[in-house]
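**Q** With chain A fixed as given, assemble chain B onto it according to the hints.
Going line by line, the protein sequences match chains A and B.
Positions in the first sequence are counted from 1; adding 1 to them yields the working numbering.
Positions in the second sequence are counted from 1; adding 13 to them yields the working numbering.
Take these hints with a grain of salt, some might be off.
[Stated by the list, open to error] Chain B regions said to be covered by chain A (calculated; three or more residues, Cβ under 8 Å): (1) 21 to 29; (2) 92 to 99.
[As the list claims (entries may be wrong)] Label pairs and their in silico Cβ distance ranges: (3) B:Leu27 / A:Thr165: 41 to 49 Å; (4) B:Ser75 / A:Ala80: 42 to 50 Å; (5) B:Leu27 / A:Asp164: 42 to 50 Å; (6) B:Leu27 / A:Ala94: 54 to 62 Å; (7) B:Gly71 / A:Gln124: 20 to 28 Å; (8) B:Asp87 / A:Gln62: 42 to 50 Å; (9) A:Asp61 / B:Asp87: 38 to 46 Å; (10) A:Ala65 / B:Asn94: 20 to 28 Å; (11) B:Asn91 / A:Asp164: 22 to 30 Å; (12) B:Ser84 / A:Ser101: 35 to 43 Å; (13) B:Ser84 / A:Asp164: 13 to 21 Å; (14) B:Asn94 / A:Glu213: 23 to 31 Å; (15) B:Asn105 / A:Thr210: 12 to 20 Å; (16) B:Gly71 / A:Ser87: 49 to 57 Å.
[As the list claims (entries may be wrong)] Examples of chain B residues lying across from chain A (beta carbon under 8 Å, computed): (17) Thr17; (18) Met67; (19) Leu68; (20) Thr74; (21) Ile79; (22) Ala102; (23) Gly103; (24) Met104; (25) Asp106.
Because the hints were derived from the structure by calculation, they are not lab data.
Virtual Cβ for every residue (Gly too), placed ideally from N, Cα, C.
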Amino acid sequence: MKQTTTAIIAFSLIALPAFASAAGLTTGVSAKVSALGIHASTTANVRLSARIANAKQRADQEIARRTSRMNALIARLNAAAHISSSDKATLVANMNSQISALASLQTQIGNDDSTSTLHADIQSITKSYRIFMLVVPQAAITAAADRVNDVSAMMTALGAKLDTRLASSSNASASAALTDMQAKVSSATSLSASAVAEIANLKPDNGDTTIEASNTAALKDARSKVQAAQQDLVAARKDISAILQTLRVSASATTSAAIKEQ
Amino acid sequence: MTATAKAITAIVVLVIIIGGYFLFFRHKNGSAMNMTPSQMSDMSSTTSSTSASMLPSGSATSNAAIEEDTSAIDTQMNGFNSDNADINAGMNDQAVQQSSL
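Here chain A stands alone, though its shape is the one from the complex:
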């Protein structure tokens, strides 16, 4: 009996503290796990906030880039000399409308506080605002065609001067170069007019893939025509150089002859 009691007491003295210690350990572990959970949750929130902030910053940059491009094109079109007033007004109005729409979207994105709406709004910069993908190339092609017309008009005027200068000479190669120059300028003018006419009446596809394909084909063809017109003018410029060389040689010969006579 006495030994049993002693054993019980000894067991109690050993087991209870161990039990208590184990309980305390569990409590400590639970506390730590709970603390870790809170820490992890906080860390995840911080990371998510950082991702949202980065996404918004990226969206702002993309909107600013597109807006800047459209403002530059508006300035080009307003200064263009060979575009009809009505065409100019239509293109400028379309781009101003897009600029306003993107500004509204930028505000909306700034107020987004969930990833799902933010994701959708950022996608709409390109998807829903596909008008940008029509209006900007339309304006850019029209502005490029206007520059072609500017250069063509200048070359036509210069051609008249060169014709006057060459009238008093019998240089066949220079005359041939002048004829070629005039033909190239005429070709460039026709191509630029054709390019502008091809895209002037294009409408946004609003998600219609058939219209989208048609618009894309028209824009690509118009771009090719503008580039062909530019190449014509490059060739015409080479003709001008050849004629100028003839005039310089002629002037030099005239000066030498005049010195000899003296």
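**A** Coordinates of chain B only, in the frame set by chain A:
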């Protein structure tokens, strides 16, 4: 007013009206009535004055003037590359990447 004074006044007014008409007509149409032959040939050389105004040297045809005009043409043609870049950028616009969301 005497009859003579009235007649003189009428003649003066008539002369003023007729003279003004001729002056207006001459200024508007560049009448050749009082122009020298050199002035007339200058007029024919400026038949393309509108297009010549596109050029910095105007209607001058000297080598220096033509060189100046050619330089202005080159300046315009230097813009072809940026025009093509604008066209390509508009046609190749890409969706905003969202891998971070």
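**Q** Does each hint hold? Answer for all of them.
**A** Each hint tested on the structure:
1. Check result for the region 21 to 29 of chain B against chain A: violated, 0 residues qualifying (beta carbon to beta carbon below 8 Å, three or more required).
2. Closer than 8 Å: that is the beta-carbon criterion, and the region 92 to 99 of chain B has 5 residues meeting it against chain A, so the requirement of 3 holds.
3. Between leucine 27 of chain B and threonine 165 of chain A the beta carbons are some 46 Å apart, a value that agrees with the proposed interval 41 to 49 Å.
4. Look at serine 75 of chain B against alanine 80 of chain A: about 30 Å separates their beta carbons, and that is not inside 42 to 50 Å.
5. Evaluation of the 42 to 50 Å hint for leucine 27 of chain B and aspartate 164 of chain A yields a pass: the beta carbon distance comes to about 49 Å.
6. For leucine 27 of chain B and alanine 94 of chain A, the hinted distance range of 54 to 62 Å is satisfied, since their beta carbons lie about 57 Å from each other.
7. Remark: the range hint 20 to 28 Å for glycine 71 of chain B to glutamine 124 of chain A is contradicted by a beta-carbon distance near 56 Å.
8. A C-beta distance of roughly 35 Å is found between aspartate 87 of chain B and glutamine 62 of chain A, which places it outside the suggested range of 42 to 50 Å.
9. For aspartate 61 of chain A and aspartate 87 of chain B, the hinted distance range of 38 to 46 Å is satisfied, since their beta carbons lie about 39 Å from each other.
10. At about 24 Å, the beta-carbon gap between alanine 65 of chain A and asparagine 94 of chain B stays in the expected band of 20 to 28 Å.
11. Checked against the hint of 22 to 30 Å, the pair asparagine 91 of chain B and aspartate 164 of chain A passes, with Cβ atoms roughly 26 Å apart.
12. Between serine 84 of chain B and serine 101 of chain A the Cβ separation comes to about 41 Å, which falls inside the hinted range of 35 to 43 Å.
13. Taken as a hint, the range 13 to 21 Å holds for the pair serine 84 of chain B and aspartate 164 of chain A, whose Cβ atoms sit roughly 20 Å apart.
14. For asparagine 94 of chain B and glutamate 213 of chain A, the Cβ-Cβ distance of about 28 Å falls inside the hinted range of 23 to 31 Å, so the restraint holds.
15. Taking the beta carbon of each, asparagine 105 of chain B and threonine 210 of chain A are about 18 Å apart, inside 12 to 20 Å as hinted.
16. The hinted range of 49 to 57 Å is not satisfied by glycine 71 of chain B and serine 87 of chain A, whose Cβ atoms lie roughly 32 Å apart.
17. The closest approach between the C-beta of threonine 17 of chain B and any C-beta of chain A is roughly 60 Å, which is over the 8 Å cut-off, so the hint fails.
18. At its closest, the beta carbon of methionine 67 of chain B sits 5 Å from a beta carbon of chain A; the interface hint therefore holds under the 8 Å criterion.
19. Taking 8 Å as the C-beta cut-off, the interface hint given for leucine 68 of chain B holds, the closest approach to chain A being about 5 Å.
20. Evaluation of the threonine 74 of chain B hint against chain A yields a held restraint, the C-beta minimum of about 5 Å falling below 8 Å.
21. Nearest Cβ of chain A to the Cβ of isoleucine 79 of chain B: about 6 Å, under the 8 Å cut. The hint holds.
22. Of the supplied interface hints, the one on alanine 102 of chain B holds, with its beta-carbon coming within about 7 Å of a beta-carbon of chain A, less than 8 Å.
23. Checking glycine 103 of chain B against chain A: minimum C-beta separation of about 3 Å stays under 8 Å; hint holds.
24. Because the smallest distance between the Cβ of methionine 104 of chain B and any Cβ of chain A comes to about 5 Å, under 8 Å, the interface hint for this residue holds.
25. Given hint, aspartate 106 of chain B at the interface with chain A, holds; its Cβ is 5 Å from that chain's nearest Cβ, closer than 8 Å.
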